[in-house]
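**Student:** Spelled out from the first residue to the last, the chains are:
2 protein chains.
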Amino acid sequence: MKNYIKHDPWKIIEEGFRPEYNEISESLFSLGNGRFGLRGNFEETFTGKTLQGSYLAGVYYPDKTKVGWWKNGYPEYFAKVLNAANWIGIRVEIDNHELDLNTCKVSNFIRILNMKEGYLSRSFTAEFSDGKQVQVETKRLCSIVEEYIGTIQFSIKPLNFSGEISLTPFIDFDVVNKDSNYDEKFWEEKNKGNDNNIGWVTAVTKKTKFVATSGMIYEIFKGDTPIDSIIDHQEKEKYIGHRITLNAEEGQAITLNKYCCNLTSLNYSEENIVENCMQYLNKAKEKGYDKILSDQAEAWEKKWAESDIQIEGDVAAQQGIRFNIFHLYQTYTGTDERLNIGPKGFTGEKYGGSTYWDTEAYCLPFYLATSEEKVGRQLLVYRYKHLQKAIENAEKLGFSRGAALYPMVTMNGEECHNEWEITFEEIHRNGAIAYGIFDYIRYTGDKNYLAEYGLEVLLGISRFWSQRITFSTHKNKYVMLGVTGPNEYENNVDNNWYTNYIATWCLKYTLESLDWVKTNFSEKYTEFSNKTNFAEAEETERWRDIISNMYYPKSEELGIFLQQDNYLDKEQIMAKDIPEDQIPIWQNWSWDRILRSCFIKQGDVLQGMYFFEDHFDRETIRKNYDFYEPRTVHESSLSPCIHAVIASKIGDKKRAYQFYLRTSRLDLDDYNNDTEDGLHITSMAGSWLAVVKGFGGMRVSNGQVSFAPFIPENWTGYAFKIRFRGSILKIEVKENKVYISNESDKQVDILLYNKNYAIKANETIKAEAIPGDALA
Amino acid sequence: MKNYIKHDPWKIIEEGFRPEYNEISESLFSLGNGRFGLRGNFEETFTGKTLQGSYLAGVYYPDKTKVGWWKNGYPEYFAKVLNAANWIGIRVEIDNHELDLNTCKVSNFIRILNMKEGYLSRSFTAEFSDGKQVQVETKRLCSIVEEYIGTIQFSIKPLNFSGEISLTPFIDFDVVNKDSNYDEKFWEEKNKGNDNNIGWVTAVTKKTKFVATSGMIYEIFKGDTPIDSIIDHQEKEKYIGHRITLNAEEGQAITLNKYCCNLTSLNYSEENIVENCMQYLNKAKEKGYDKILSDQAEAWEKKWAESDIQIEGDVAAQQGIRFNIFHLYQTYTGTDERLNIGPKGFTGEKYGGSTYWDTEAYCLPFYLATSEEKVGRQLLVYRYKHLQKAIENAEKLGFSRGAALYPMVTMNGEECHNEWEITFEEIHRNGAIAYGIFDYIRYTGDKNYLAEYGLEVLLGISRFWSQRITFSTHKNKYVMLGVTGPNEYENNVDNNWYTNYIATWCLKYTLESLDWVKTNFSEKYTEFSNKTNFAEAEETERWRDIISNMYYPKSEELGIFLQQDNYLDKEQIMAKDIPEDQIPIWQNWSWDRILRSCFIKQGDVLQGMYFFEDHFDRETIRKNYDFYEPRTVHESSLSPCIHAVIASKIGDKKRAYQFYLRTSRLDLDDYNNDTEDGLHITSMAGSWLAVVKGFGGMRVSNGQVSFAPFIPENWTGYAFKIRFRGSILKIEVKENKVYISNESDKQVDILLYNKNYAIKANETIKAEAIPGDALA
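Sequences listed follow chains A and B, in order. Position 776 (the first sequence) corresponds to 776 in my numbering; numbering is contiguous. Position 672 (the second sequence) corresponds to 672 in my numbering; numbering is contiguous.
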């Protein structure tokens, strides 16, 4: 755990340079706009600890799988999130000394991520070995208004000398991925060019042949006066730079405004990509730096107006939730169905791929409640488009007749991951994808989605389950052998309760959906049946048999479901009794020891209670929570948020708040000692879940939204907004009162603490808050 | 399966060149002498399919572990069997055409491994594109008399021309390992030299710094006349070659006798290694090729006299068993306690390491019965010397207080393997190592070994089990969670019956051994206790508790032990029902499908019945055999032999014979489609087990050897010899009679079909053979 980020409601602040934490800071100070993004790397050369990272949405490299011992069924490659051009780069030399915070003496360093207005600023004083001092101020952003534009303002002032300063803004595609399997470079140069103060490089990825052009245009000022200067165009492989030498005067700042554009062949034809880039660059420069900055602030103001969560009386919590919301919007905007929410977004390379079950299980509810309906739909369509690949993936493992196994990790629908216990066995992901469809329809009411796309996906998934399940003649029940549940600290177990449960739920939901489509879209249904060779009678009969005869491990004595067969045979030690110097166990224990222990990486039975809470009475949920939570080490970033929601539900307010804090400040405080690899983007949605579904008790059922808020002890109040079926509701909780405002122009009927309220257009209702543990 | 090797009782014959099978043939035609060995590569250049392989016992390279996803506890490196100098090489040019069977037209090709006399010969006619034809005859051996010497006789005769022929005998250390993890070369040149007709290269391995010198000396004959010739000394990195150009006359053979010596720093100091090599070379040349060849024949004659198995009426079976015995002796001679029996011996690189549990479980009984007592002892001492490393290995996984986990694969005592389900979980290997001690003492009567070495190993192993076992408060029994049994088609299972059984057996045997040492070597016992910090009362109490309360999965209904918990939940399909085009399943099915199936790679419960047959009545063994064998796909080379012994025991003679044939001709017929990687050396001992313990019914108990032979249907008779406690017995079975001859000068008391016989020195007894299924 670290504690060097200053608490502030709207800003992430690093005061004083901490080179030892620089990679952590680089992650925290990442910027993005859904199209591209980058880590908080410095513009100027830095020879200290750094992970260079600049990423383009949807652009990946199929890196040949690296494996010790091949197992049949493994994918041939792992799609890597590709480090793309360094477009921020500005080399700075002063009398042949290079500005490098690793070699200069640094003072007055401050780095700020302004989340309210969407930019990153930095300032510091650097002293060279010859005593010369400069003051540097930088500001940059990835525009959410002009989605291909990023700008940098870099200002340098000699403090105690006058002399020559040279600045070399550059574009450099000669970059590496740290996680390259074979130390290979993934980009090849296609072409490049320079023209006065404009320059660009076009590169193409090996194998996948993605083309990307990154270009720059710039202007230079002395004080406020624009100046012309002699430019030395430099070229290297995959690189262009413009070396500009200037006479600087003591006390007068030189300012470089660098406008950059990043385009890819996903949206621009190879023929026109350079031309388009040039047009964007000229347009951006015309618009000017100040205008781009103010547009950015305005656009973020709108976003915050709709999605901000305000917390009173707890700055750390406030900073945490805004940091999470800010990064979620930086990562995914829902404008392109080919994109998804990578586990590290634009903040690191680790884990590769772009899509995990995190999307449906954690991120979807956030986007459903804070964005237009089409954003959530886009996430679903993404999976629909991958259905054929999921069928092929299942075939590769020996399944047939249209069974679909969605990949654990994917970029384009093909499986990337290659650990047998995950790739082949962590199949509950299929359940989350079906649940995503259910959740979307429950929230939006858009049941037609089933007929258009959803039912085909559900059929593929149900066909998979019906083949993956084994009938045990011994138990006279259906069982599920050899799976890995959400708790990855168990591998290859039999009858993981969560997986068994979600599998049969999928079958039930598919049956319901079939009926609904059949009744409401009979033509579509016929088309669907033909397309999928659906043997309705035979297939549904087997599903019904499975539904009726599934085996669920449980302990009658303890009144709990069992995470898997034999779970109770393990030595039952509580997580609190693990010596502190052995935490996190994944860093300190052998894999062998972890597997044999009872410790749970993330909720497993409880993940099921979270998804299907209506299926269980409160007492059952409490018993399972009381049993499993003390055995959970929460070493997955996805764990605490689910526990926050469940703890809220059963009235364990104190723990709920702790879980919330752990989720929302996971990266800010570097809880898991891995923020340097990038941020945990998908679990950020979990912080939102913790507040809205947890403290706010927000649920949707039968087309109605309900709330049951309580205030965590440390807070004096909080407020959040949700979009719901065309309306916007603001929920505010303070001084033991709940206020719900209808910010739309039609009446909304809601449930508050199980009581019906009809809130008229633009009206607010008020009610007494009820403590969390009184909820049922 | 292939069928191109001609059946012959003493020879392995390839008639007609089959370049497509050349890598298979290279494996089959391997030579070795315990110190070094090589695949059946050609002396001359061959640009076709080939796996170049020449190996030095005990010389390895710690190749950095290659892994997709690191798990804590994995070893940093994998010790690779190192491809060493090509010392057989002779480049042949005729008028600037190079002799290369891949480009010449080849006829009259024949390759013969003469197992009786211990050499490899080859002859062929090659025609060049210009119509010139040569006749080539080669013969080579790895001397078992002069253990550092290998010789080659290479004879070439122009058939239809006279002209220039150049021969370039060379030594080349510039070789690669095909299984190098990072395409690295492992040898670096240290020095090299040439002097007239002698040349050598000394190389050193990276990291491990093993030094090896390979040298050559040669002589050339025209017809039978030695000739002098002009030698062009050629040098390249890690290479020396002597180019000799000769005028050859039509119809007259030119013969090159190349004498080679391979020394390593295991036995020679770096300072003297070259000098020693020169001495050996000169000595070998003085002795002369013919004498070395005849010495070799004589030495093999002696070996065969003691260890041959003769089979009458079945040439395929005869050839198979001799091929196995021949290769076992080529691989391991028991003269050096640092060496062990690598899975591929000197016939390939695959699997690396040198020691698996195969040594104790399969090879030890062979060496016990066919070699001097010290050979088996040497194999045990090897493990004793690795005890400290086994303790460190266990510590790495979180065990303590002297618990020892022997590695799955090792070269020097450190674990090499890196699949968690094997490295961490296939812990039954510890049991086999304890069993080896038991087996050695049972056979030899050398109980003192316990006091000297054995007890310390047993203690380390028992300490491991007592920590690895978990007390299940739920079952009120001790259980063993998360293991992989001998059947590697199941991973991470709970309560593998075999592992549970052998674990408690280890505890019992350790308790007995403690008592025995305490009683008979009380001083040694005290020393042992102090050295190991043995808390006798406390530790043995826990062991006794485990022994009394161990959980063993079983089915009362079926009367069998269960391979593991939940085994009966699997879909119960028989191996015979797997479609033929899906066999072997490891090549055709996804790992996922294999794991979930009921199919067994090699005997698991049955491995336990084999080790501990006295603990079970015949009916129990039969029931388990009847249940498990039909589910066994025998895709491990170690499977059929164990089944041959059990099938023999319960009277399933027909299957016993099939299992025997599958084991003994596994490589000759390339059953598993992998002979090209090298031979299955350790399973070759299984062929011997199948005959001696299977058909011959040989057992030892209470210091007495017993037999219960039967004749497989296809055979008219067979005979084998065993050494037993200083005597040599010959067992011959033919025409429904059993003859047992005592070839030693003292009386031996034996049991034959449970009846006592005292066989006087140099006498033979005769009895009626009893059919196998009448044994009880």
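Keep in mind the hints are simulated off the structure, nothing from the lab. Treat the hints loosely; a few may be bogus.
As the list makes no split between identical chains, a pair holds if one copy fits it or if it spans any two.
Computed cross-link-like contacts, DSSO-like style, restricted to lysine-lysine with a CA-CA straight-line distance of at most 30 Å [stated by the list, open to error]:
1) 207 / 178
2) 350 / 64
3) 49 / 283
4) 508 / 524
5) 185 / 64
6) 291 / 236
7) 302 / 730
8) 746 / 396
9) 178 / 64
10) 236 / 576
11) 2 / 287
12) 2 / 71
13) 396 / 2
14) 207 / 185
15) 576 / 477
Owing to the predicted nature of the structure, the values given are computational and were not obtained by experimental measurement.
**Student:** With identical chains, the pair residue 576 and residue 477 could be close in the same copy or across copies; at 30 Å between alpha carbons, which is it: within, between, both, or neither?
**Tutor:** Answer is between: at 26 Å across copies they meet the 30 Å cutoff, but 37 Å inside does not.
**Student:** Can you give me the call for residue 291 and residue 236, within, between, both or neither, at a CA distance of at most 30 Å?
**Tutor:** neither (33 Å within a copy, 69 Å between copies)
**Student:** At most 30 Å between CA atoms: does that hold for residue 178 and residue 64 within a copy, between copies, both, or neither?
**Tutor:** Result: close both inside a copy and across copies, 15 Å intra and 19 Å inter.
**Student:** Up to 30 Å between alpha-carbons, please classify residue 508 paired with residue 524: within, between, both or neither.
**Tutor:** within (21 Å within a copy, 70 Å between copies)
**Student:** 30 Å Cα cut-off: does residue 396 pair with residue 2 within a copy, between copies, both or neither?
**Tutor:** between (45 Å within a copy, 29 Å between copies)
**Student:** Can you give me the call for residue 2 and residue 287, within, between, both or neither, at a CA distance of at most 30 Å?
**Tutor:** This pair counts as neither: shortest intra-copy Cα distance 41 Å, inter-copy 76 Å.
**Student:** Is it within, between, both, or neither for residue 207 and residue 185, if the alpha carbons may be no more than 30 Å apart?
**Tutor:** both (12 Å within a copy, 28 Å between copies)
**Student:** Within, between, both or neither: how does the pair residue 207, residue 178 come out at a Cα-Cα threshold of 30 Å?
**Tutor:** both (19 Å within a copy, 26 Å between copies)
**Student:** Are the CA atoms of residue 2 and residue 71 at most 30 Å apart within a copy, between copies, both, or neither?
**Tutor:** between (40 Å within a copy, 25 Å between copies)
**Student:** With identical chains treated as interchangeable, where does the CA-CA distance between residue 236 and residue 576 reach 30 Å or less: within a copy, between copies, both, or neither?
**Tutor:** neither (56 Å within a copy, 65 Å between copies)
**Student:** Is the C-alpha distance from residue 302 to residue 730 at most 30 Å within one copy, between copies, in both cases, or in neither?
**Tutor:** within (15 Å within a copy, 96 Å between copies)
**Student:** With identical chains treated as interchangeable, where does the CA-CA distance between residue 49 and residue 283 reach 30 Å or less: within a copy, between copies, both, or neither?
**Tutor:** neither (36 Å within a copy, 62 Å between copies)
Hints 3, 6, 8, 10, 11, counting from the list given before, are not met by this structure.
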